[in-house]
Every structure is written in structure tokens, then in C-alpha cells.
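Novice: Residues per chain, in single letters:
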Amino acid sequence: MWKFLGKRFLQMFITLLMFQTVTYFLMDAQPGDIADLLTLNPDIPPAERERIRVDLGLDRPPAERFLKYIGNFYKGDLGVSFSQFPRPVTEIILERLPRTLVLFLSASVISFWAGYASGKVLAWKRGGVIEYSSTLVGVILYTVFTPWFALMMIWLFAVYLDWLPPGKFLDPILWLTAPEGIHANDVFVRMIWSVMIATGVMILGLIGTQRLSSQLRKTGRWVSFVVPFIGVFLYWRFASSGISLYAWDILQHLVLPVLTVTLIAYGGTMLLMRTSMLETLREDYILTARAKGMPEKIIRDKHAARNALLPVWTGLVFSIGSSLSGGIITETIFSWPGLGLTLLNAAQVEDIPLAMGALTVTGVMTLLSHLVADIGYAFLDPRIRFS
Amino acid sequence: MTENVLEVNDLTMHYMTRKGPVFAVDGVTFHVKRGEAIGLVGESGCGKTSIAISLLKLLPNNAKILNGEIKINDVDTVPLSDKEMNKYRWKNISMVFQAAMNSMNPVYSVEEQIAEAMREHMPHLSDQEMSEKIDYLFNLVGLDPALKTQYPHQYSGGMRQRAVIAMALSCDPDIIIADEPTTALDVIVQDAILKRIREIQEELNMAMIYISHDIAVIAEVSQRVGVMYAGKLVEMSSTEDIFHHPIHPYTMALMSSFPSIVGEKTELVTLAGEPPDLLNPPAGCRFHPRCPYATEICREQEPDFKEHAVGHYAACWHPGGVK
Ligand SMILES: Nc1ncnc2c1ncn2[C@@H]1O[C@H](COP(=O)(O)OP(=O)(O)O)[C@@H](O)[C@H]1O
Ligand SMILES: [Mg+2]
Numbered sequence: 001m002w003k004f005l006g007k008r009f010l011q012m013f014i015t016l017l018m019f020q021t022v023t024y025f026l027m028d029a030q031p032g033d034i035a036d037l038l039t040l041n042p043d044i045p046p047a048e049r050e051r052i053r054v055d056l057g058l059d060r061p062p063a064e065r066f067l068k069y070i071g072n073f074y075k076g077d078l079g080v081s082f083s084q085f086p087r088p089v090t091e092i093i094l095e096r097l098p099r100t101l102v103l104f105l106s107a108s109v110i111s112f113w114a115g116y117a118s119g120k121v122l123a124w125k126r127g128g129v130i131e132y133s134s135t136l137v138g139v140i141l142y143t144v145f146t147p148w149f150a151l152m153m154i155w156l157f158a159v160y161l162d163w164l165p166p167g168k169f170l171d172p173i174l175w176l177t178a179p180e181g182i183h184a185n186d187v188f189v190r191m192i193w194s195v196m197i198a199t200g201v202m203i204l205g206l207i208g209t210q211r212l213s214s215q216l217r218k219t220g221r222w223v224s225f226v227v228p229f230i231g232v233f234l235y236w237r238f239a240s241s242g243i244s245l246y247a248w249d250i251l252q253h254l255v256l257p258v259l260t261v262t263l264i265a266y267g268g269t270m271l272l273m274r275t276s277m278l279e280t281l282r283e284d285y286i287l288t289a290r291a292k293g294m295p296e297k298i299i300r301d302k303h304a305a306r307n308a309l310l311p312v313w314t315g316l317v318f319s320i321g322s323s324l325s326g327g328i329i330t331e332t333i334f335s336w337p338g339l340g341l342t343l344l345n346a347a348q349v350e351d352i353p354l355a356m357g358a359l360t361v362t363g364v365m366t367l368l369s370h371l372v373a374d375i376g377y378a379f380l381d382p383r384i385r386f387s
Numbered sequence: 001m002t003e004n005v006l007e008v009n010d011l012t013m014h015y016m017t018r019k020g021p022v023f024a025v026d027g028v029t030f031h032v033k034r035g036e037a038i039g040l041v042g043e044s045g046c047g048k049t050s051i052a053i054s055l056l057k058l059l060p061n062n063a064k065i066l067n068g069e070i071k072i073n074d075v076d077t078v079p080l081s082d083k084e085m086n087k088y089r090w091k092n093i094s095m096v097f098q099a100a101m102n103s104m105n106p107v108y109s110v111e112e113q114i115a116e117a118m119r120e121h122m123p124h125l126s127d128q129e130m131s132e133k134i135d136y137l138f139n140l141v142g143l144d145p146a147l148k149t150q151y152p153h154q155y156s157g158g159m160r161q162r163a164v165i166a167m168a169l170s171c172d173p174d175i176i177i178a179d180e181p182t183t184a185l186d187v188i189v190q191d192a193i194l195k196r197i198r199e200i201q202e203e204l205n206m207a208m209i210y211i212s213h214d215i216a217v218i219a220e221v222s223q224r225v226g227v228m229y230a231g232k233l234v235e236m237s238s239t240e241d242i243f244h245h246p247i248h249p250y251t252m253a254l255m256s257s258f259p260s261i262v263g264e265k266t267e268l269v270t271l272a273g274e275p276p277d278l279l280n281p282p283a284g285c286r287f288h289p290r291c292p293y294a295t296e297i298c299r300e301q302e303p304d305f306k307e308h309a310v311g312h313y314a315a316c317w318h319p320g321g322v323k
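Protein sequence lines, in the order shown, are assigned to chains A and B.
Going left to right, the first sequence walks through residues 1 to 387 as my numbering numbers them.
Going left to right, the second sequence walks through residues 1 to 323 as my numbering numbers them.
Treat the hints as calculated values from the structure; they're not laboratory data.
It is possible that part of the hints are untrue.
Stretch by stretch, here's where chain A covers chain B in the computed footprint (C-beta under 8 Å, at least three residues) [stated by the list, open to error]: (1) 87 to 95; (2) 250 to 256.
Restraint ranges, calculated between C-beta atoms of paired labels, are given here [said to hold, decoys possible]: (3) A:Ile197 <-> B:Pro123: 32 to 42 Å; (4) A:Phe145 <-> B:Asp76: 36 to 46 Å; (5) A:Tyr132 <-> B:Gly321: 42 to 52 Å; (6) B:Ser156 <-> A:Ala378: 17 to 27 Å; (7) B:Pro123 <-> A:Tyr132: 39 to 49 Å.
Calculated lysine-lysine pairs in the DSSO-like style (CA-CA distance at most 30 Å, straight line) [as the list claims (entries may be wrong)]: (8) B:Lys19 <-> A:Lys125; (9) B:Lys148 <-> B:Lys195; (10) B:Lys87 <-> A:Lys218; (11) B:Lys19 <-> A:Lys297.
Glycine included, C-beta positions come from ideal geometry on N, C-alpha and C.
Could you put the whole structure together from the sequences, leaning on the hints where they help?
Specialist: This is the structure in C-alpha cells:
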């Protein structure tokens, strides 16, 4: 296991280095640089432009700049943003990354779970209107053009029904009057922590009750699901009542983008799970389980769905990359100030350090999620060993 | 307790296909006594597996039992719902499948798959008792109990087959069906497992239906033998009778293709032609197109499955080939 991890990290490092090299030179190959963008400004004389160029080091040959960048990067210095001079890139990324992570992780987890659960049931209860229409919806969600779908979601929920805000991270008018010392990111990070702790308690509850007898287990599980909910509620209602209004605002802004990304990712997972489940149901060991007189639910969940999950999990690995890049589109449409939008803006104004930083972090995220997916697979399938 | 663990009366089941119904089991009647091992033999496609899955009511969607009774310990299970049937499965009647190589779920340990059935049908057992019982079963089928926590893929084909047999025995069934349990294995392993099955059957004094297309295998394990042809049971009697005094021409032909067993010089009856298409079975006796003794009546009327000597049943107009 440790040997496997060591090898994987080495591979990831090499991949990342290659990725950085390619992206740096591609970025550099864009015609012009940030100083050229000042050309249109009549107040800035050409000499001054040249001075800016020298100050930012843009007069040096690309290879020299690249080596310097890489050297600094692995010392932990990601440089200073050109467009938001002199903010360090690390600071900007640390501010934007949680927003993207929350969007991406919650959408992935929800869509995966929902796709798994519904695909399983659809395959089990073959036939009928429900299966037909659900499959149709799945195909539509799977093949729909993301920007169009996102716009339709905005139209439906923000305009027509007017239930949710159409975009952005928060409501500026509300936050304008916010008391001194309340920062959006602090509130957001607190929200993340409370959800993470609640989830942690639930998982611990699930693990802790595993060895109990079935009656105790049911109660134990119920408690470990309800307690975190109550805890989170109490925390926001009383301990943090001053900022709960602002947290609620962020939460409202979060719903629509998460829902959109979730629905798009859901279609594929559900269809794949359904097909995989139909295949699995034909396996001999399903017949054995039926012959053993196991109840339907055990055959469906423990025997069929558990095996049908394997190819779906593999599919997850492939979808990670596309949902991260799809994240840029979604963030743009919802004006969600996460990493994707940051990357897009930085690239447009030739802010090389910021764009490189955002790209690299996205790359690291992709590599890490692949690693997690691979390790998860080894746990799901006893036939796979770390090697 | 009645004498018969299993009684099958006039069982008829078909598969619905695009070309029409396939009568894979047609009017089959037999019984199995407590502790008795019977064999079912017949060419591939004659409906042996169909009988087995009907007994456990594990029919695919396109299959249907049209008629007849299946009495397990005197209870007719044909009208039972799937949920009610679950009480009988494994507890009273269990099965080792033809494709036993893939009969185990790859993601659970062998122990878990055996324990699962025991938890369902013998909830009074403690974890400790269950673990001991699994050790006992492993020893019984000739496996090292230390291997029980391993996964099916870590077993060889023969070991997996033994584990599947252990699983089928786990809930002390009244009757076990073994559907060609050794067909997928290589010959040496086949012999070893067959021998073990026979020993276990005698040791536990458990009723068994052993299904095979191989008459030599059947001879080794069963006290009585039923011969199937095209969805019908055509002859049934003690193994001794079937081998030495067969009265149905199909059985006679079957036996003469195993001269080493018959031993004596019997007239070698060759079987011309193909087994009939079950979509369009011939009228009258289904064997008549291939039967050397067939007459007018064979082509027109189906013979009844009736007792010709004590305990010796056959469906033939010319038993023993007498015109
Ligand atoms: N699911 C099915 N659908 C349609 N026909 C089937 C199905 N299963 C078996 N059959 C047909 O039923 C007949 C008997 O099959 P089976 O019981 O498997 O024979 P055996 O076990 O003696 O080889 C064969 O003609 C086979 O083609
Ligand atoms: Mg068969």
C-alpha cells in the first residue's frame, strides 16, 4: 500500500511537471502580454509600458522565466498576480478554491449517490412508464448542451419561479450593510466546517454501529443521522446567530449552481448504473442468492448493486476531468467567483502567474481525485490489489 | 414426517419464446424419499435444469409453471409467492448450480456468503456457532477452514465447487439438487468431487437429486434413476433396473452406448436422428421418429407413464422393444 502510494505520488509529480511545462508555454504563446493591454490607455506613455514589462520580468526569454517560475513554485511561492497587483496568487487561490471545491464536491457526491440509487431501482423494477420516462430524462440530461441547460435553469428558478438568486456568490446589497468584521469567506469557511463535521459524525456513526445487533444498529444509525442535523441547526441558530443571515444568503446562492451541475452529472451516472445493474442481474451469483432464499432487498442491494457499482465507479474517474472543466462554464454562467472563473479572467488579461496558479491547482485536484477514485476502487473490488 | 421429501406430480412448465412456447418440462411425475439419492439423466436440452429451477421456483420471466404439484414435505409450493417460497429455499431444498464456477459473488468472502444464508434461515445461531459450523462444512467438503475468509477468485475451480457444495449444505436442507456440478471441471477434480458428494450424501443421509447427461456419473451416485427425453420423464426405476433391464427403447439405446457398464452382450441399438425440437415436438410418443420399434400407435397417441414392474415406471407402447 505505501509502496503503491509512493509510486503514485511520483507519477503524479511527473505528470504535474509536464502539465505545468505545456501550459506555461501555451499561455506564453498567446500573442501580446499584460503590458500591451495598456496600449489603449492614452494616459500611459510607451516608455512607461516598457518599464512595466521590465518590472514584471516580461522582457526575459520565456525559458528563463519558466525555470524561475517552476523553481519558485516548488518553494511554495506562486508569485504575484499581474492584474490584481500586488496580491499574491496563493492568497487569491485560497479565497476562490473553497467555492469551487464546494460546488464540485457536493455536486459530485449528490449526483453519484442519486444516480446510483435510482439506476439500481430502475433496473430492478423493469418496464413500465416510470422506467421509460426516467431513462428518457437521463438521456436528455446526459446529452444536453451545458450552457443552454444552465440558462434554462436560471430562467426557471430565478426568473419564472423567482425562488433563487440567478447567480453570484452573495447579494451585494445585503452585504453592504454587514457589520464590520464579517467577511464572506470566513462565513463560507465556517459553513464548510459545520457540514464537514456533521458528515464526519454521520460516517463515524455508520462505522461505529456496524458491529451492533440489528435493532441497536437501526437506532444507532438513526441517532447518528439526526444528531448532526440538530447540532448544525443549533450552531447556526444560537452560537453564530450574528452571521447566520449572511450564511443563509450564501447558501441560497449556492443552490442553483450545485443543482445544475448535479443534474448534468446525474444523467450519466444513472444511465450507467441502470445498464450495469441489468448486466449484473444476469450473473449466476444472483441466481444463487435467490436460491438461498435471500430477501429481495438483500439481493438487489448487497449482491447486484454492489457489483454493478464497480463500472460506475470507474466511470466516475473519467467524469472527474470533464466536470472540472465543465466547472469553468458553469462558474461563468452563474458568475460564481471560483477557481474556474478566476482562471478564465486571468487568461483573458494575460495574468500569467494567476492563470498558471489556477490551472496548476485544478490539475492537482484532478490528479488527487483520480488517486482517491483508484484507492476507492481497490476497496470496492477485492480482486484488485495495490500493485 | 412423511416418507417422501419431495413429490412432483404432473409438472408442466414452458418458456415463452418469440417462436412460441417451449415445453421444457411436460407432465413429469416422480418422488424422492428421505435420504434417497436419485439421478436424472438425459441429453443436453431435454429439460433437466428446467426441472431443477422449477423445484426451487427460480424461473426466468418468460417461464411459467402451467400445471402440477411440487410437494416439499407435503406442502405444495406451486401456488406460493416468491416471498413465501423463500422460507423453503436453502432451508428445505438447496441447489448446486451447473455454472457453479460463477455461483459465488466476487466481492464477498466465501465465509460471508455461507454465513449470509445461515443468518437468514437459522437466526438462532450465534456468531460462534455459525463460525464453527462453517469450519465443519469446510472439512466435510475437503477444504481447509483457514481458507474461509478468502474471496472466490483466490480459489481454484475445484475449490470453488467444494465451497459451493458447502454453501448448499449450510442450512441442513432436506434435499439438495446437484445440477451437473462437475461438468465444468477437469477430469481428475471431477472424480474427487463426485466421490466426496457421494460420501457426504451417505454420511448426512440427505436426499439428493443428481443431474447429469453422463450415465456413468449417475450410476455412481444414485439409488434410483429417471431418464428424460424431450421434456418428459420416459423411464424411472432403481439404478440396477435401469442399467440391466431398461424397458424404454431410449434408455436401452442410452445404455448400449456404455458397453462397459452393461457388460453383457446386448444388441447395440444405435440412435439415429436428432433430439426433437421442443417448439414443435412430434405427435404421439416424442421418441417415435428415432425409435426402432415405433408403430402406428406410437405416432398417434402419447403413452402413459405407468408402472410396468414394481417401482419400475416407463412411458412406452412397446416396453422392452416387444412388438
Ligand atoms: N430461458 C429460456 N428461454 C427459452 N427457452 C429456454 C430457456 N431456458 C431453457 N430453454 C429451453 O428449454 C429446453 C430445456 O433446457 P434445459 O432445462 O436447460 O435442458 P438441460 O438442463 O437438460 O440441458 C431447451 O430446449 C432450452 O433451449
Ligand atoms: Mg442443464
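Novice: I'd like to know which numbered hints this structure contradicts. Please list them from smallest to largest.
Specialist: 2, 4, 5 and 11
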